[in-house]
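Let the hints inform the model, and build the full structure from the sequences given.
Residue numbers (our numbering), protein chains in the order written: chain P, 24 to 462; chain C, 24 to 462; chain A, 24 to 462; chain B, 24 to 462.
For the record, the hints were derived by calculation from the structure and aren't laboratory data. Here the structure is a predicted model, which is why all the values come from computation and not from measurement. Treat the hints with care, as some may be off.
Copies of the same chain look alike in the list, so a pair counts if it works inside one copy or between any two.
Said to hold, decoys possible - Straight-line Cα separation of at most 27 Å, DSS-like style, residue types lysine-lysine; simulated pairs: (1) LYS249 / LYS94; (2) LYS159 / LYS406; (3) LYS399 / LYS443; (4) LYS33 / LYS249; (5) LYS419 / LYS443; (6) LYS408 / LYS33; (7) LYS245 / LYS94; (8) LYS399 / LYS226; (9) LYS115 / LYS33; (10) LYS350 / LYS278; (11) LYS226 / LYS278; (12) LYS226 / LYS406; (13) LYS226 / LYS284; (14) LYS103 / LYS419; (15) LYS115 / LYS395; (16) LYS284 / LYS443; (17) LYS408 / LYS395; (18) LYS226 / LYS443; (19) LYS94 / LYS443.
4 protein chains.
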Amino acid sequence: MAEVFANVGKVRFEGPQSDNLFAFRHYNPDEVVLGKTMAEHLRLAVCYWHTFCWPGSDVFGPGVFERPWFKSGDAISVAKGKADAAFEFFSKLSVPFYTFHDCDVVSEGHSIGEYVENFARMTDYLEQKQAETGVKLLWGTANVFSNPRYAAGAATNPNPEVFAYAATQVFNAMGATHRLGGANYVLWGGREGYETLLNTDLKRERAQLGRFMQMVVEHKHKLGFKGTILIEPKPQEPTKHQYDYDSATVYGFLKDFGLEKEIKVNIEANHATLAGHSFQHEIATAVSLGILGSIDANRGDPQNGWDTDQFPNSVEEMTLATYEILKGGGFTTGGFNFDSKVRRQSSDLEDLFLGHIGAIDVLALALKRAAKMIEKDTLAELKDKRYAGWNGEFGKQVLAGQQSLEDVAQWAISNNIAPKHVSGRQEHLENIVNRYIYG
Amino acid sequence: MAEVFANVGKVRFEGPQSDNLFAFRHYNPDEVVLGKTMAEHLRLAVCYWHTFCWPGSDVFGPGVFERPWFKSGDAISVAKGKADAAFEFFSKLSVPFYTFHDCDVVSEGHSIGEYVENFARMTDYLEQKQAETGVKLLWGTANVFSNPRYAAGAATNPNPEVFAYAATQVFNAMGATHRLGGANYVLWGGREGYETLLNTDLKRERAQLGRFMQMVVEHKHKLGFKGTILIEPKPQEPTKHQYDYDSATVYGFLKDFGLEKEIKVNIEANHATLAGHSFQHEIATAVSLGILGSIDANRGDPQNGWDTDQFPNSVEEMTLATYEILKGGGFTTGGFNFDSKVRRQSSDLEDLFLGHIGAIDVLALALKRAAKMIEKDTLAELKDKRYAGWNGEFGKQVLAGQQSLEDVAQWAISNNIAPKHVSGRQEHLENIVNRYIYG
Amino acid sequence: MAEVFANVGKVRFEGPQSDNLFAFRHYNPDEVVLGKTMAEHLRLAVCYWHTFCWPGSDVFGPGVFERPWFKSGDAISVAKGKADAAFEFFSKLSVPFYTFHDCDVVSEGHSIGEYVENFARMTDYLEQKQAETGVKLLWGTANVFSNPRYAAGAATNPNPEVFAYAATQVFNAMGATHRLGGANYVLWGGREGYETLLNTDLKRERAQLGRFMQMVVEHKHKLGFKGTILIEPKPQEPTKHQYDYDSATVYGFLKDFGLEKEIKVNIEANHATLAGHSFQHEIATAVSLGILGSIDANRGDPQNGWDTDQFPNSVEEMTLATYEILKGGGFTTGGFNFDSKVRRQSSDLEDLFLGHIGAIDVLALALKRAAKMIEKDTLAELKDKRYAGWNGEFGKQVLAGQQSLEDVAQWAISNNIAPKHVSGRQEHLENIVNRYIYG
Amino acid sequence: MAEVFANVGKVRFEGPQSDNLFAFRHYNPDEVVLGKTMAEHLRLAVCYWHTFCWPGSDVFGPGVFERPWFKSGDAISVAKGKADAAFEFFSKLSVPFYTFHDCDVVSEGHSIGEYVENFARMTDYLEQKQAETGVKLLWGTANVFSNPRYAAGAATNPNPEVFAYAATQVFNAMGATHRLGGANYVLWGGREGYETLLNTDLKRERAQLGRFMQMVVEHKHKLGFKGTILIEPKPQEPTKHQYDYDSATVYGFLKDFGLEKEIKVNIEANHATLAGHSFQHEIATAVSLGILGSIDANRGDPQNGWDTDQFPNSVEEMTLATYEILKGGGFTTGGFNFDSKVRRQSSDLEDLFLGHIGAIDVLALALKRAAKMIEKDTLAELKDKRYAGWNGEFGKQVLAGQQSLEDVAQWAISNNIAPKHVSGRQEHLENIVNRYIYG
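Shown next as structure tokens:
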């Protein structure tokens with residue numbers, strides 16, 4: 024098989040002074056930060072769909088990209104050509120992981136049988152490519168939203184046969200993920216939502232989705248899959264409203280179906296902002312609820328109301344995000360997956376490298392800045408001090424449920440309390456963060 | 024006591040042909056719709072704060088309104104003057120209910136003792152005014168967000184004394200609400216949220232808020248209060264982020280603290296839209312989760328990113344909202360409270376009447392349209408038909424948990440299923456709705 | 024040629040009581056309103072692209088629609104089949120107008136010569152179809168944004184050859200529009216904008232666009248085309264930022280290039296809302312600037328940040344829009360073009376009819392309501408009264424430029440003026456509007 | 024007069040290693056960057072209103088701040104106390120400039136005469152304070168939006184007496200600004216807009232505003248004021264819609280009234296984002312139109328839909344903004360004014376210093392990064408290369424108006440042109456920027 028990215032060699036760390044566009048200037052995989060290597064912290068993954076499947080189309084125009092692996096021919100040989108290109112890319116980029124949807128890997132063909140067959144054959148091939156390159160699978164997933172059959176949803180479809188078709192894909196994709204040693208299995212409910220309430224039974228669709236998720240978890244245990252099951256929240260697009268709106272919404276759903284210990288969230292920056300939250304908020308919320316699983320690293324455009332999936336390029340934003348992740352204990356099975364695509368105008372093959380290299384260096388810088396924040400964790404100190412009052416007798420009793428509303432009111436009145444506001448010191452804290460970032 | 028609104032008499036139903044600006048043209052309280060009077064369906068309430076306390080100020084300018092009841096003097100006599108004006112207004116407007124915050128009713132004074140004393144004296148007076156006029160209390164609440172002591176939150180404050188102060192106010196406001204025969208008690212966590220994550224411990228603040236809500240529920244039972252405890256979701260403003268973001272978020276919180284059967288939501292239209300949802304969505308979601316309690320009827324401005332609290336004026340929007348409420352069984356303890364204020368430029372006393380009268384007629388029209396939708400419920404029929412497949416054997420088994428993921432996949436493959444998308448008929452359904460609205 | 028919509032006959036006015044889904048219940052083309060027929064007022068047009076070209080794809084999935092006219096074969100016979108279906112639809116729907124992009128009508132082929140040839144042949148065919156059916160062209164336009172060559176813009180492209188290609192298309196599309204008796208020619212600068220300022224020279228691109236527009240206007244006069252040249256504002260999508268952001272921005276651009284008397288705007292409801300304006304605002308602004316040309320009738324989703332192009336279904340919104348249009352003198356060459364598409368899930372052929380029929384009835388209702396508003400124009404009376412002070416001597420002098428800042432200040436001080444705010448009566452005005460709409 | 028900020032001394036540059044919270048770590052006023060000192064480049068100003076007038080109130084609560092200069096007493100002595108505190112602050116902060124509204128400086132009293140008198144007396148005092156401290160005035164302005172008389176606008180008010188009152192204030196504020204050696208005079212049309220179109224005559228109000236601006240410009244020349252007249256765009260808030268929406272809108276307005284060479288814009292970051300633009304966009308747009316005047320440096324909250332006026336803290340955002348300013352030639356009369364306020368919770372006096380110090384260091388860092396970008400201006404080189412085709416014969420002829428649409432089309436067809444898209448290299452450019460910022 025011919026090299027596709029012949030002009031680009033292995034991307035290596037060359038340090039900040041390097042003028043080589045195809046080198047890392049900050050990401051040094053083996054450099055130890057807070058007791059782990061950068062590679063172990065970041066667990067970087069390239070996304071099959073964004074980089075190898077998307078043709079550069081948008082709603083107002085067709086594909087712009089002319090990729091060597093965009094070929095006609097029989098499904099398997101086309102798929103293998105794409106896989107060869109993909110693994111060449113993963114290897115040259117020096118990332119330890121990749122991620123895929125079943126239908127990214129190979130055409131689903133024209134029948135359910137053909138789908139099973141094609142995907143099984145390509146799972147073999149991926150296994151072989153993994154073995155050859157050492158690249159591992161961060162997560163697999165099934166695309167149960169693109170095919171017209173899913174226009175009205177997958178698990179939440181009004182037609183139970185569509186539910187069954189989706190179940191079949193997820194069954195196969197979980198199997199493949201397990202066999203390929205995937206660290207997680209992801210579910211993105213792209214069309215689990217509605218276009219109009221006028222034809223939608225929210226309660227019924229929730230029950231369908233809840234049962235579906237339980238089936239997934241039951242199957243995981245039966246399969247002996249040790250990875251994490253992840254739901255990826257998004258508020259809308261392509262649907263008017265998606266049920267997995269944000270982390271807090273997913274949490275309520277998980278509680279309802281007894282799944283809050285079984286399923287975690289895969290948070291995407293651009294989905295967070297579409298839901299009206301900062302990326303940091305979504306991460307901190309998931310950490311506080313004990314459901315942070317993994318991250319889809321990208322960014323949206325602050326002025327555009329759709330998922331732009333741009334490569335992350337803000338060290339400032341990523342430092343705060345990484346700080347929250349590290350404070351939450353860091354990744355276990357999760358990692359940073361680049362759910363990012365080059366712009367439609369970035370039509371050269373080398374743009375694929377430049378997009379990833381820039382983003383990896385941003386994450387590396389963010390990791391180093393966040394590590395500094397934690398090594399001398401002034402924010403945590405100030406936070407502890409701020410809430411110190413709750414460590415007193417009264418605070419403890421309240422939180423322990425030993426005080427009734429009336430008890431508290433009587434205590435307050437009899438003591439004639441008159442608490443005053445104290446400064447929240449936001450500007451001071453922001454200055455501290457900038458100092459960590461800019462030295 | 025002198026009449027304040029001397030130019031306006033009792034507002035009565037005069038029918039669509041009336042040219043009287045101070046008459047209802049659609050709201051006929053005693054007219055029976057779907058087996059109940061319009062008054063029983065709508066359970067209309069005027070809000071003390073919006074109509075009697077807000078001076079017409081905004082962030083860029085002070086109050087514009089010169090109300091006869093804006094006086095200086097001792098707290099109780101000022102408060103009585105305001106109450107007299109308010110009950111004159113409620114009575115003339117022919118609404119059965121009103122709502123209040125503790126601090127709307129009377130100044131909180133300069134100490135916790137003074138607060139208790141002032142509020143107790145005015146509770147007596149409100150009781151007397153209710154008896155005289157027959158106007159009832161839809162809900163009471165405590166303002167635990169305006170006073171500087173609450174700048175960093177009430178129950179979620181870093182200082183437990185502030186928590187205690189809030190508890191004292193809620194204790195007193197619940198007592199007053201109970202004594203005044205209130206149908207509900209509301210909690211709006213206006214500053215239960217954060218300005219910056221840099222100084223905020225989400226997990227700790229959630230625990231504080233959870234315990235606070237449990238205390239409120241425990242106290243309700245101890246008190247023998249039969250009304251409903253309501254949380255009012257809002258995503259932000261004044262905070263950057265409020266914990267009670269939307270109904271789905273509140274549901275997750277309630278489940279976490281075992282309160283999902285004890286607390287319902289008071290949904291406000293403008294809060295729904297600030298959270299990125301339609302008003303109809305928030306209602307339908309709350310209904311589907313079994314937590315719809317009451318409604319704050321208003322509207323936002325679709326182009327402005329803050330809470331404008333305008334009087335509802337869209338029959339189209341309110342018809343869909345009312346349809347969802349009626350489909351959910353209608354109000355039990357809840358009602359439509361006008362959490363609406365006249366514009367800052369609407370500085371005349373009579374604007375207060377015109378705002379309410381127009382909005383009441385909008386709700387009356389919406390009720391009649393929604394009732395027609397339900398009398399011959401084409402939407403429900405089409406919805407049932409759409410999901411009919413789930414009533415088959417396979418669908419039932421899936422939902423009953425009798426099918427594993429593998430079972431379903433094997434069934435799908437062996438039957439070589441190939442389900443097709445069928446039309447969701449959104450445009451047809453929208454035409455139906457318009458037909459109900461426009462005849 | 025075979026009938027494509029065999030199940031649907033000519034759509035006729037049957038009045039509000041009709042149960043026929045394929046009848047108008049409010050749109051009675053020959054009914055006279057304010058001295059003109061409804062058909063003359065509304066000048067309804069169906070859009071070729073939305074209804075005959077879009078396959079039901081979105082960013083997350085391919086086409087869902089299986090249209091009889093989606094065929095493979097030689098470009099001209101495919102295009103004729105589509106035109107036959109389209110004109111059958113236009114005729115059955117009883118709309119007087121249609122609109123097209125050059126590339127909607129026929130494939131642009133594989134070279135500039137083929138483009139010219141294909142389009143010329145289909146222009147002949149359209150001419151023949153127009154003659155046969157009596158359907159007329161509201162406007163034509165050229166698609167200079169979809170083809171990959173336009174990825175970085177058309178007139179604003181960094182490559183002047185792309186500018187030339189776009190000029191060629193516009194030249195041909197203007198010629199075709201002129202020959203087909205089109206009432207207007209439209210320019211939508213879909214990719215005249217930028218993805219990133221980092222590679223964009225705003226000043227240079229503005230100069231390119233300005234010269235392009237001048238060339239279009241010069242050519243119009245040379246051609247003897249009597250229709251109106253229209254620019255369609257949109258703020259973004261597919262670009263991050265589009266230069267024709269909104270009406271006010273377009274106005275500044277036109278002034279800069281001396282085109283404000285030559286070019287008007289084609290306002291689209293959904294583009295208005297994406298730009299942060301109400302639809303009514305954009306119309307009123309264009310009217311006040313003397314540049315209102317035509318309307319793309321649709322609606323967006325208030326919760327979604329992209330162009331959803333839904334059929335208009337709000338009589339409330341459309342009444343205010345129509346009121347502004349009528350107050351501005353009504354359409355001359357413009358009309359209401361349905362820049363609206365059925366939802367991706369609305370996959371049946373008949374959904375195409377239902378979408379249009381519902382929307383046409385909405386516009387008919389809006390026209391009737393707006394006409395009532397104008398027949399007894401209470402809003403205008405109150406507005407005149409509100410500004411009456413400016414008709415006094417002082418006001419006239421100020422506006423006539425006869426008072427300097429100092430004059431005015433001296434007059435104010437010496438008269439010790441102390442003007443007071445008077446009520447803006449917004450709620451009263453909103454009640455009046457609802458009374459016009461709901462009787 | 025007593026020192027108010029007794030705990031804080033003169034803030035000095037101590038370099039990045041300093042642990043002193045009250046030192047600059049990056050802003051070294053005398054350091055030369057691109058041929059000018061940092062002080063000369065940045066022209067920093069503190070804003071009277073935000074720092075000395077705002078009491079820490081918001082829509083949901085009263086002031087939190089207990090400032091030593093918030094006193095009762097006669098207007099002049101209170102105003103002098105505030106001015107003393109302000110100039111102590113300016114001096115200690117080492118900024119060369121301040122800015123004010125007339126009514127920030129002193130109460131407007133109870134009559135127009137009192138306003139004139141109070142303001143005149145305080146202008147004397149400010150002149151004395153300037154002389155004593157060396158602090159200069161970047162700009163003055165008049166508050167013609169807070170007083171209830173301006174509820175319906177100032178120049179656009181339906182009442183010409185209100186116009187006259189506003190004219191009086193602007194006359195006086197221009198006079199004071201001139202006398203105090205102000206470098207600019209600013210107009211922010213806070214309520215020049217509308218709440219509802221139902222009571223608004225857009226055309227008439229535009230004429231009023233246009234004439235007002237002409238009067239201001241005429242007066243400037245009469246006065247001999249050499250500074251720049253600036254309009255500050257904002258899209259909304261407090262109004263539903265403000266006429267000076269954004270730079271492009273202001274430009275169209277200026278062209279309409281022949282003022283485009285007389286008036287420039289004062290761009291505020293948070294106003295840009297409320298208008299749906301990036302801060303960089305607004306600056307680049309104003310530069311490209313030749314109307315960039317000055318900057319109100321602050322930031323909004325990306326998730327909140329109102330003007331939060333936070334201190335700028337993003338070096339990334341400010342670097343791009345500063346790059347555009349420098350590319351546009353840098354400030355002449357303008358500067359960076361901190362239109363920023365500490366958070367309501369930041370209630371300590373020292374928070375005022377910390378907010379400014381952090382922001383000044385952010386601007387200093389941004390200046391240094393932007394200077395590096397310009398010293399070796401890779402972006403400009405790549406941009407020149409990208410548009411190089413336009414320097415050819417054909418491109419020049421087109422822009423010079425020597426080619427008609429038909430000429431171009433014929434040339435394109437006869438040459439059978441087939442231009443291809445080339446990569447826009449966005450990711451590469453973003454990597455370059457990050458390299459400038461992060462080394």
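Quick rundown of the hints versus the structure:
{"no.": "1", "hint": "LYS249 / LYS94", "result": "neither (37 Å within a copy, 49 Å between copies)"}
{"no.": "2", "hint": "LYS159 / LYS406", "result": "neither (39 Å within a copy, 40 Å between copies)"}
{"no.": "3", "hint": "LYS399 / LYS443", "result": "neither (30 Å within a copy, 54 Å between copies)"}
{"no.": "4", "hint": "LYS33 / LYS249", "result": "neither (32 Å within a copy, 61 Å between copies)"}
{"no.": "5", "hint": "LYS419 / LYS443", "result": "within (21 Å within a copy, 56 Å between copies)"}
{"no.": "6", "hint": "LYS408 / LYS33", "result": "neither (48 Å within a copy, 29 Å between copies)"}
{"no.": "7", "hint": "LYS245 / LYS94", "result": "neither (39 Å within a copy, 48 Å between copies)"}
{"no.": "8", "hint": "LYS399 / LYS226", "result": "between (49 Å within a copy, 22 Å between copies)"}
{"no.": "9", "hint": "LYS115 / LYS33", "result": "within (4 Å within a copy, 54 Å between copies)"}
{"no.": "10", "hint": "LYS350 / LYS278", "result": "both (24 Å within a copy, 26 Å between copies)"}
{"no.": "11", "hint": "LYS226 / LYS278", "result": "both (16 Å within a copy, 17 Å between copies)"}
{"no.": "12", "hint": "LYS226 / LYS406", "result": "between (41 Å within a copy, 12 Å between copies)"}
{"no.": "13", "hint": "LYS226 / LYS284", "result": "both (23 Å within a copy, 17 Å between copies)"}
{"no.": "14", "hint": "LYS103 / LYS419", "result": "neither (62 Å within a copy, 41 Å between copies)"}
{"no.": "15", "hint": "LYS115 / LYS395", "result": "neither (30 Å within a copy, 31 Å between copies)"}
{"no.": "16", "hint": "LYS284 / LYS443", "result": "neither (40 Å within a copy, 36 Å between copies)"}
{"no.": "17", "hint": "LYS408 / LYS395", "result": "within (20 Å within a copy, 41 Å between copies)"}
{"no.": "18", "hint": "LYS226 / LYS443", "result": "between (46 Å within a copy, 24 Å between copies)"}
{"no.": "19", "hint": "LYS94 / LYS443", "result": "between (70 Å within a copy, 20 Å between copies)"}
Figure legend: structure checked against the earlier numbered hints; hints not met, in rising order: 1, 2, 3, 4, 6, 7, 14, 15, 16.
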